[in-house]
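Start from the sequences, fold in the hints, and give me the full structure.
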Amino acid sequence: MNRVTFTLNGRSTVAVVDPHKRLIDLLRDTLGETGTKEGCGEGECGACTVLVDGRAVNSCLYPAPEVEGREVLTIEGLADSRGKGLSPLQQAFLDNGGTQCGFCTPGMVMAAVDLLRRNEHPTRADIQTALTGNLCRCTGYVQIFESIEAAASATNGGES
Amino acid sequence: MSSLRHVGTSPPRPEGGDKVGGRARYIHDITVPGMLHGAIRYSDHAHARIRRIDTSRAEALPGVRAVITAFNTPEIIIGFMGDNPVLKKDKVRQFRDELAAVAAEDAETARAAAELIEVEYEPLPGVFSVEEALAEGAPLIHETDRRGKPLSSNRLPLIFGHDSGDLAAGETAAAFVAEGSFSTPLIQQSCMGTAGALAEFDSNGNLTITAKTQIPFLAQRDFTKAMASLGLKGCSVRVVVPTLGGGFGTGLDTHVYEYISILLAWRTGKPVRVLYNREQEFAYLSPRQSTESRVRQGCDKQGRLTFRSVEVVQDNGAYASWGATYPSVMLLPTTSLYRVPAVRFRSDIVYTNNTYCQAMRGYGNPEVTLGIESTLDELAELSGIDPLEIRRINCNQPGEVTPMGLKVGTCGLAECLDRAGERSAWSEKRGQGRATSRGIGISSLIHVGGGGKIYRSDGSGIILKLDDYGVVHVNYGGVEMGQGLHSAISLMVADGLGVKPSSVIVNQTDTATCPWDVGTHASRGAFMAGNAALKACAKLRARLFEWAPRVYGDLVAENIKRARRRDGDFDPGFTEELLAKLTPGQFELLDGELFPHGETGLPPLEDAPWLKVDLGRFLRAVHFPRAGGAGTVFTEEAFYEPATELPDWEKGYGNMSASYTYGCQAIEVEVDQETGQVTVLKLVSALDVGRVLNPQTLKGQVYGGIAQGLGYALYEEVKTEGGRVLNPGFTDYKLPTASEMAFPIELEFVETDDASGPFGAKGVGEPGLVPTAPAMANAIQDAIGVRIRDLPITPEKILDALAARDGA
Chain A
201 MNRVTFTLNG
211 RSTVAVVDPH
221 KRLIDLLRDT
231 LGETGTKEGC
241 GEGECGACTV
251 LVDGRAVNSC
261 LYPAPEVEGR
271 EVLTIEGLAD
281 SRGKGLSPLQ
291 QAFLDNGGTQ
301 CGFCTPGMVM
311 AAVDLLRRNE
321 HPTRADIQTA
331 LTGNLCRCTG
341 YVQIFESIEA
351 AASATNGGES
Chain B
2 MSSLRHVGTS
12 PPRPEGGDKV
22 GGRARYIHDI
32 TVPGMLHGAI
42 RYSDHAHARI
52 RRIDTSRAEA
62 LPGVRAVITA
72 FNTPEIIIGF
82 MGDNPVLKKD
92 KVRQFRDELA
102 AVAAEDAETA
112 RAAAELIEVE
122 YEPLPGVFSV
132 EEALAEGAPL
142 IHETDRRGKP
152 LSSNRLPLIF
162 GHDSGDLAAG
172 ETAAAFVAEG
182 SFSTPLIQQS
192 CMGTAGALAE
202 FDSNGNLTIT
212 AKTQIPFLAQ
222 RDFTKAMASL
232 GLKGCSVRVV
242 VPTLGGGFGT
252 GLDTHVYEYI
262 SILLAWRTGK
272 PVRVLYNREQ
282 EFAYLSPRQS
292 TESRVRQGCD
302 KQGRLTFRSV
312 EVVQDNGAYA
322 SWGATYPSVM
332 LLPTTSLYRV
342 PAVRFRSDIV
352 YTNNTYCQAM
362 RGYGNPEVTL
372 GIESTLDELA
382 ELSGIDPLEI
392 RRINCNQPGE
402 VTPMGLKVGT
412 CGLAECLDRA
422 GERSAWSEKR
432 GQGRATSRGI
442 GISSLIHVGG
452 GGKIYRSDGS
462 GIILKLDDYG
472 VVHVNYGGVE
482 MGQGLHSAIS
492 LMVADGLGVK
502 PSSVIVNQTD
512 TATCPWDVGT
522 HASRGAFMAG
532 NAALKACAKL
542 RARLFEWAPR
552 VYGDLVAENI
562 KRARRRDGDF
572 DPGFTEELLA
582 KLTPGQFELL
592 DGELFPHGET
602 GLPPLEDAPW
612 LKVDLGRFLR
622 AVHFPRAGGA
632 GTVFTEEAFY
642 EPATELPDWE
652 KGYGNMSASY
662 TYGCQAIEVE
672 VDQETGQVTV
682 LKLVSALDVG
692 RVLNPQTLKG
702 QVYGGIAQGL
712 GYALYEEVKT
722 EGGRVLNPGF
732 TDYKLPTASE
742 MAFPIELEFV
752 ETDDASGPFG
762 AKGVGEPGLV
772 PTAPAMANAI
782 QDAIGVRIRD
792 LPITPEKILD
802 ALAARDGA
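Here the protein sequences come in this chain order: A and B.
Add 200 to a position in the first sequence, counting from 1, and you land on the number used in the working numbering.
Add 1 to a position in the second sequence, counting from 1, and you land on the number used in the working numbering.
If you're looking for bench data, these hints aren't it; they were derived computationally from the structure.
Worth double-checking, as some hints may not be accurate.
[To be verified] Over the 12 Å line for every Cβ pair with chain B, so calculated as not near, a few chain A residues:
1. 212
2. 213
3. 215
4. 253
5. 268
6. 270
7. 286
8. 296
9. 307
10. 334
11. 353
[To be verified] Just the calculated beta-carbon pair ranges, DEER-fashion:
12. 180(B) to 242(A): 42 to 48 Å
13. 630(B) to 353(A): 57 to 63 Å
14. 332(A) to 340(B): 40 to 46 Å
15. 720(B) to 232(A): 36 to 42 Å
16. 511(B) to 242(A): 41 to 47 Å
[Said to hold, decoys possible] Rough simulated footprint, nothing fancy, chain A against chain B, three-plus residues with beta-carbon under 8 Å:
17. 189 to 201
18. 215 to 221
In this text, a Cβ means the ideal position worked out from N, Cα and C, and glycines have one as well.
See the structure below:
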């Protein structure tokens, strides 16, 4: 078993984890942070997307011990704990129909966080490219695109 | 009903905040203390006799709590045909047959133990296509029926047919006839949240199962039957539905993995959860039925259809789920899409050693709409009539009764065709083909819009409970699976009762607290819930208003007293005696405020805001009467059963739905003749929805249906060889991604205000994907002059067809 020390959603976190476990197992099973979803386990669907040191990764492909010393941001870490509990980007998904069954949503939102950090005002084509690794079976993506556009036009990147 | 204030608006969906916040709990997120993990051992053969199952090595693995097989557990046989033993004893009939299952302390140990189970087989020859299964002397998948009577054929004894009008006369009257053979693939519903169940027993033998189901009450019935096999007759079964990561038909049957979680929980005395991962979902969960069909129809010189014949064969796989009954819905487009005076329908449903199939959105409808709409385009070409025009010529009309006996009621198809024609610039785009490789195609659809009667009851119960704070708690047995049911319910209850949508809480679906509902299928959720809710709302309002005169005067007197405290000169402008004269019929409730209306002698509300009484305050005053005596609480239930008929399936006749949803899609494409790639340039959908309940969730559902229709048309196919699934994952099974959905989509909604619907609404859950594939095939034909009749329309098929055209 490995001891890993890392920052999870802004909080210093220590966990003991089997070295062959994946980051998604560490988050969901060890730490009980079940907001991150496993849709395929092979990096094809993006439901498990989280940010590691500010970069979007598939947590189902990311070895858990590799987070040592790094910063991990998950869907649970976006919320403003003082307000309604949703970040402006999450609120934009809610207001614009960007979620249906919701299973892909945490990964979609995290992929969008990643996009908006790199590109504050993405075009529709930029959004489509950025989300190509995130599958959704309910929405046909259109209202997800609209959610991200709404967040981008309302704020400087959806996180302020 | 109060007035329409919230229906037609798009407040955020009530469960949406938890979803975007990562707080929604799916089956994968639910653990309970002491929970064990289940794993299943599947067959290594598509067809074989089972010689021996040795579980000793699995049992010896540390952490394993139980290993079950057919040899150490009571027999449970599932499926509406009674053909699927939960644990197989005599033989396996498909690669996914369940031979044994393990409960262990962690999921990895359970999986490892399942692999340690040794099975000896005597392989049998398999049949992997309908032709093989129906060949003379073919091996029988099932040697006996559920009663042990020997079977002589792999054909399922399910008869769906139809004959109406004079087919021979229709043939004679036809100036033009088009005919073709079509095929549609196995596809995976691909819910983003995979399947799973968590079963636990209490010490009295009562079962609670948290299950990813769309039919909590039919599941309760199925599980209750299984309880008898466990010696638990008389014990209760409670089905609880967690947040569903999609449904799309996968929850219309109970599944073997659910019974395995029950058996393991029963054997170990511990809660047991069984989860599928994506690979298992592809390999071991039932996909959509594949079909082959032969469609023939004819029209006269004016383009009027004179007859139609549709014959369908379904490769059902090894066992029968409800999905075997797709022909029940195929009858709809066959008999009732456009006006056809003579119709013939035949279906064959055949067992094979392929993976067994189940329901998926559309349920047989897209399978035959493909052939009907493709041959209709061929008739248009033969008769020299524009394809949009030939659809107008044969368009269904409001009030007609179709050959199946469907009482059409409202029908907005003509307006849908007009709007789709305009928005797609049909007349400008059509027929440009050949030179530009661009084309446009159209297809219509009919689907049930007011439930679909396939059991003796197509009803839905609902309970509305008002708490002491003016919040309405809704217990409804239907299932929110992403489609927006809870949003629709909150809006309809808000307007039906007179409260704000934010004061409507739709509780978790649970057979212990919700009244019976047949299930969330057949696009019926919002239609049924709304009709049931409106009945319950009417009862609640009547009772609220009946109680209002007893306490309302005191509450307003308090308002006036308060106003006087603020302003000593305050004059309400009326005598308080007027309040005492109010009768139940003079009250209104709107957005959670109770006030008098009509000829009361009281000043108008805008001048006298103190006449408004908050609902919560009113309820507390009624519950805890100041004058003493017995108060009351407000809970009302209603059961809505639409006035529809259970069809005679052999005759294909009966008005199975309270209303019918019509619509069409026009698709513009460009085809690369070098690569065979199809690029969608634009899609216009026009749909008669009766009434828009929530524009945002409605659009979301249609966009999603279009994406699934696009996948069905161009990309998706579960490939099998010798019964084994070859592409069990998203690497080799291509779902439409954000990049494929990059074309502009325009949605048009026609509101026909159907008398049967809540606020005039029709069901719209499934229609989005129904016309997409035929519209695509028609557009490709317009673009490059070749007709593809086999889905998915891959670049290879297009190149082959182009080569055949040029070689010919």
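Are all C-beta atoms of chain B more than 12 Å from that of residue 296(A)? 8 Å, violated
- Message: Would the non-interface assignment of residue 215(A) survive a Cβ cutoff of 12 Å against chain B?
- Response: 17 Å, holds
Determine whether the non-interface label on residue 212(A) survives the test: each CB of chain B must be over 12 Å from its CB.
21 Å, holds
Non-interface claim for residue 268(A): all C-beta distances to chain B beyond 12 Å? 23 Å, holds
Assertion that residue 270(A) lies farther than 12 Å from chain B (Cβ): Label holds. Min Cβ-Cβ 20 Å, cutoff 12 Å.
* Do at least three Cβ atoms from the stretch 215 to 221 of chain B come closer than 8 Å to Cβ atoms of chain A? -> violated (count 0)
Examine the stretch 189 to 201 of chain B: at least three residues should have C-beta closer than 8 Å to a C-beta of chain A. holds (count 6)
**Assessment of proposed distance window 41 to 47 Å (beta carbons of residue 511(B), residue 242(A))** = 34 Å, violated
Q. Within 42 to 48 Å or not, the Cβ separation of residue 180(B) and residue 242(A)?
A. 44 Å, holds
query: In terms of Cβ atoms, is chain B entirely out of 12 Å range of residue 334(A)?
result: 7 Å, violated
Beyond 12 Å from every chain B Cβ - status for residue 307(A):
Answer for residue 307(A): violated, closest chain B Cβ roughly 9 Å.
Q) Holds or violated: 36 to 42 Å for the Cβ distance of residue 720(B) and residue 232(A)? A) Cβ of residue 720(B) to Cβ of residue 232(A): about 39 Å, so the range 36 to 42 Å holds.
Consistency with the previously given hints fails for numbers 7, 8, 9, 10, 16 and 18, ordered from lowest to highest.
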